[in-house]
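Q: Combine the two chains into a complex, taking the hints into account.
Residue numbers (this note's numbering), protein chains in the order written: chain C, 1 to 319; chain P, 1 to 365.
Since the hints were derived computationally from the structure, they do not count as laboratory data. Don't take each hint at face value.
As the list claims (entries may be wrong) - Taking lysine-lysine and the DSS-like style, the derived pairs with C-alpha atoms no more than 30 Å apart in a straight line are:
id, chain 1, residue 1, chain 2, residue 2
1, C, K226, P, K163
2, P, K182, C, K226
3, P, K339, C, K226
4, P, K211, P, K100
5, C, K205, P, K211
6, P, K166, C, K205
7, P, K123, C, K226
8, C, K205, P, K127
9, P, K182, C, K33
10, P, K182, P, K100
11, P, K175, C, K33
12, P, K100, C, K205
13, P, K100, C, K226
14, P, K211, P, K163
15, P, K211, C, K226
Residue-level listing of the chains:
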Amino acid sequence: MASGTLAQSGASVVARRSSGVWRDAFGRLRRNKLAMVGLALVLLLVFMGVLGPTLAPFPYYAQDIEAITANGFRPLHPFEPLSMETGHWLGTDELGRDSLSRLLDGAQISLAVALVVQIVVLVIGMPIGAIAGWFGGRIDNILMRFTDVMYAFPDLLLIILMSVTFRNTWLGQQFNGLLLVFIAIGLTSWVTVARLVRGQLLSLKEIEFVEAARAIGVRDRNIVTKHLLPNSIGPVIVAITLGIPGAILAEATLAFLGVGVQPPRASWGSLINEGVRYIRSDPHLVLLPAIAIATSLISFTFLGDGLRDALDPKLKGKQ
Amino acid sequence: MTSSSNVSVEEQSTVEITLGDQLATEVREREAKRAKAENLLEVRNLSTHFYTPDGVVRAVDEVSFELGYGETLGLVGESGCGKSVTALSISRLVADPPGKIVSGEILFEGVDLLKLSPEAMRKLRGKDIGFIFQDPVTSLNPTLTIGYQIAESIRQHMGLPAKAAKDRVVELLAKVGIPRPKDRYTDYPHQFSGGMRQRVMIAIALSCDPKLLLADEPTTALDVTIQAQILELIQRLSEEFRTSVLLITHDLGIAAGMCQRINVMYAGRIVETGNVDTMFENPRMPYTWGLLDSLPRLDDIRGSRLRTIEGLPPLLINVPDACRFNPRCAYARDVCREKEPVLTVREENHEARCWGTQADGWIPQ
Numbered sequence: 001m002a003s004g005t006l007a008q009s010g011a012s013v014v015a016r017r018s019s020g021v022w023r024d025a026f027g028r029l030r031r032n033k034l035a036m037v038g039l040a041l042v043l044l045l046v047f048m049g050v051l052g053p054t055l056a057p058f059p060y061y062a063q064d065i066e067a068i069t070a071n072g073f074r075p076l077h078p079f080e081p082l083s084m085e086t087g088h089w090l091g092t093d094e095l096g097r098d099s100l101s102r103l104l105d106g107a108q109i110s111l112a113v114a115l116v117v118q119i120v121v122l123v124i125g126m127p128i129g130a131i132a133g134w135f136g137g138r139i140d141n142i143l144m145r146f147t148d149v150m151y152a153f154p155d156l157l158l159i160i161l162m163s164v165t166f167r168n169t170w171l172g173q174q175f176n177g178l179l180l181v182f183i184a185i186g187l188t189s190w191v192t193v194a195r196l197v198r199g200q201l202l203s204l205k206e207i208e209f210v211e212a213a214r215a216i217g218v219r220d221r222n223i224v225t226k227h228l229l230p231n232s233i234g235p236v237i238v239a240i241t242l243g244i245p246g247a248i249l250a251e252a253t254l255a256f257l258g259v260g261v262q263p264p265r266a267s268w269g270s271l272i273n274e275g276v277r278y279i280r281s282d283p284h285l286v287l288l289p290a291i292a293i294a295t296s297l298i299s300f301t302f303l304g305d306g307l308r309d310a311l312d313p314k315l316k317g318k319q
Numbered sequence: 001m002t003s004s005s006n007v008s009v010e011e012q013s014t015v016e017i018t019l020g021d022q023l024a025t026e027v028r029e030r031e032a033k034r035a036k037a038e039n040l041l042e043v044r045n046l047s048t049h050f051y052t053p054d055g056v057v058r059a060v061d062e063v064s065f066e067l068g069y070g071e072t073l074g075l076v077g078e079s080g081c082g083k084s085v086t087a088l089s090i091s092r093l094v095a096d097p098p099g100k101i102v103s104g105e106i107l108f109e110g111v112d113l114l115k116l117s118p119e120a121m122r123k124l125r126g127k128d129i130g131f132i133f134q135d136p137v138t139s140l141n142p143t144l145t146i147g148y149q150i151a152e153s154i155r156q157h158m159g160l161p162a163k164a165a166k167d168r169v170v171e172l173l174a175k176v177g178i179p180r181p182k183d184r185y186t187d188y189p190h191q192f193s194g195g196m197r198q199r200v201m202i203a204i205a206l207s208c209d210p211k212l213l214l215a216d217e218p219t220t221a222l223d224v225t226i227q228a229q230i231l232e233l234i235q236r237l238s239e240e241f242r243t244s245v246l247l248i249t250h251d252l253g254i255a256a257g258m259c260q261r262i263n264v265m266y267a268g269r270i271v272e273t274g275n276v277d278t279m280f281e282n283p284r285m286p287y288t289w290g291l292l293d294s295l296p297r298l299d300d301i302r303g304s305r306l307r308t309i310e311g312l313p314p315l316l317i318n319v320p321d322a323c324r325f326n327p328r329c330a331y332a333r334d335v336c337r338e339k340e341p342v343l344t345v346r347e348e349n350h351e352a353r354c355w356g357t358q359a360d361g362w363i364p365q
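Isolated chain P (complex conformation) (with noise of 0.2 Å):
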């Protein structure tokens, strides 16, 4: 007891830091690392694989790429390319089995997400990672009110009593802009329209703040008149919530008017990054000319045929060491069918794979 007594203020905070338990270093470390964190979520050499009776797909296939904190980030491509199994894996709802994510990092604040327990990971979910899906009419349930969806997030992470979360559900229904947000409390889905259900993904996804928001070609379903507000309403809802965006979408429309920066992907590779600017102004991999030259414009004759890219992406069992792109390129020779090219930096904030375009290519300005 007096020798307790007779220990100083700092010898005592001291005690306290070496008996703190296991939880509190933890929690501490993790702080540490969020405070060094320069990008609220860096994907590094990450590679997911479905197992398949007909071999290994390599779905995802070392990725890296890094999204700042506010950042709107666009992830294009044609379908089956990997954008979908991409945001599935940082969220770590890849169905297992067959999917499997096999390596690499994905450092959320600067905490490897791979690392962390299932239960952490769905606490995760939700909170600090909103997501929204392609299809808003299979991904609201039918026999559930619209309100308690929304507030089902609420619930299971901010701990609100159920006055406080239905406030706040009817507080982000009319933030979305759905009108007379308190009748349509207690709505089912099929009372809303498709606009008006992703809406309701949107209100749900933001509904605790995330801090990342996973959006898995949020407009696809929609026609463009909606299309046009639901993009308007993410924005400016990620503007007032400081939400980073990985945008996912194979429409580069609605990447170059919503994203800082875009990642093309095509056969699980990441083959194109760069500043929005830089690379519309000067791409530099013919895959992603191809998707440029396939927007249709408004400066076409009448009448003829829509361009697209010749044939179809490659099936990603047993890829061979090449440029994954080759048997669709027109400027592809030899070397793209034997070796596959790296990415390599070509301007400022720009990188491509590409053997042609490098700076010994043969492929001109």
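The shape of chain C in the complex, shown without the other chains (with noise of 0.2 Å):
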């Protein structure tokens, strides 16, 4: 009995679970307070973005005609005595629109951005990135030149003119003429994610596991995909996250230029573009979406710097 209970213990203290390499990034990552910051903020804002419809005290387009005529025809600001009386806590804008509604409206969009964007630029620059530096040679120097190109070309023209141009196509129709802009966004960003593909598969396919790989007989596809890809995914993420605020501003400007999301609806840079006309007056319709820009893309680089530091340790400190 007592030797049975004995060797139980002795099992249990030698069986560990597996602890893998997430596991491991976690934990580092959960020291980091600013990383944790970053998350918590980012967290907030998917909440914001999936919830933030149901949970706006109004629908972003209705007008509040009563408060605003109450208050002399003229948007009310926040927190003063007649918003908290009406409910419009942050204000409202020049038509009587909640200004808490329309933010928690602009955040879907925002979260939409980050979200279109990166699947593709991962869509576009996995392959390619994988392509150049599995095959190297001829192909790697044909889709790098390729995408030395797309990096020299401006964005921000390119965006607008394919913004501009596929505007009355079946394509840019769909979810308000968001998608058209954010496929835009994504083409223009995945050269980043390419290069850094190319880079890791070059320097992975040259250790011995994929040489051990092609002596059991495994498909060049798989060793790509199940072996050198999964060993690139830390610093893929991390380009990915990082990116995210580039795509957010990116919406941001072109929204403040007038392409993009259509009235009624706003982003955040629309909403900074409609109240830039009373920025003397009327400062929060400017304050608040630029805050809401800033908070989020500070969280996303936070987040992003922490998951550098904790999905590679050894770089840490370095820089």
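A: Set out below in structure tokens:
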């Protein structure tokens, strides 16, 4: 009996759970305060993006004529007595639309930008980088020169050209005109990931486990997808996370210039565009979306930096 | 209809044979060759060159040897003499470019591997030819579980359902001496020690019951006690699975303990070949003497220097027609610098490539 329990307790000491790369990485991430702040804010953004429209006190297009009439036909400012009374805590715009509701609706667009653009980036960048890195030689040369051309092309110009050209096609109609913008942004931002994956594959394919996989008859396709790409996923995740702020900013820039989402919907960029006319009298119309943009950019950057350190601890402190 | 029903049984079978598709005849021919083949592996005049900016490196130059069923053959020599490239050439894993198998035949059960299509060769690798690499640390993929990596070969070649494949992996892990194999199935390589990783590599190499095992310095990265265990394991499993082994090593002690026959390689050539006993008793090539002499001995005077072969192996670019060992050979004469000797029979099962030790040579027994 006694020996039985002893053996059992011994077994429980010996038996460890498999600790994967991801668990280790998350452990390191948790110790990074800035990254955790970033993660919390990112989760908040996700929360707002997914549930925003249901949480919003008003529909984003509803005008509260009574409230602005009572205010002398001027936008309500945040936290004024009248704002609190009518339920527009963060005020309204010049048409009496609730600022908080419009911000929450804009969060959805920003979240969609973050997702769709990065999916486009992955779908284009990973295969191009993987093919270039794996085959090398002439194929690599052709693909990388193409990548260089894409890199050198002025992004904003290409996005605006695409948006304007395809505005009236089927693609231009999808998702309130946003899908086209997202794809256009994605088409200009895959370059970093393609180069990254190529570089990773160039070094990874020299490691012996590739030869070992060949020696047991694994197909080339499976060597790339099962052996090499999973090994390069860390830096790719970091690049994707750090690419999101750029995409959100690009969308905001376009919206500010009037390309992309069409009224009455508004992304944070177009909110700024609308509010710029009233910047002296009603600065909250610009400040609130600007703060929202800045916060989400910083939170994704913090998270991305944290992930880089967590996924590649050797790099930490070097830079 | 009626006419065909009248055809006799013999005629029908001949009709079937003539109508038999190309593939069937090919398979039958291959089977016939297989039945005729005396040796599992016959390498004939194999040359593998590397095309570098500095010139053509003849890493393996006209190498011939054979490996019988169930035999363990040693391939011995110092670094850069072409041992590994020979093994890689057999499994056609030489990186191309810069490497290229320029000539020769590699008859595996009578079938020339160099003439197989890349796809046929891929199907052979891992199934009939297992490979153990030198460094178990870099030969396992850090992002995949041990179980997955062993099962990968089984899935590729045996077409077992997932459950059966897993059972086989657990069985293999137990066979190579990994404790609690069921629990370790889902572990990652970093949770294994070097010796255990090499056991995993052996499990991968033996997972499909290969007929030939190419072991490229399987114990070089391991310490001596683990080395002994791993060698014992390879020997035991090769007997159990009736696998022929080509053991590549720079350690004559290992070769002597494991192999029935030994090929000594120098500068891309086989310079001496023979049965272990005859060769160690009566080596007929100064290079082999040097190798044997370089082994530390128990009766060495403490603190005395270890003996080495002076000099370095030659660059294998623009090799002159001369004995390749002559710059380092204490017995070299003019003839050694003018003409390369050929492998000549010295006694039964023993050949050497040396002018000086031939019957009319100047080097005394």
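Q: State the violated hints by number, sorted upward, taking the hints as numbered earlier in the document.
A: Checked against the structure, the hints that fail are numbers 3, 9, 10 and 11, while the rest are satisfied.
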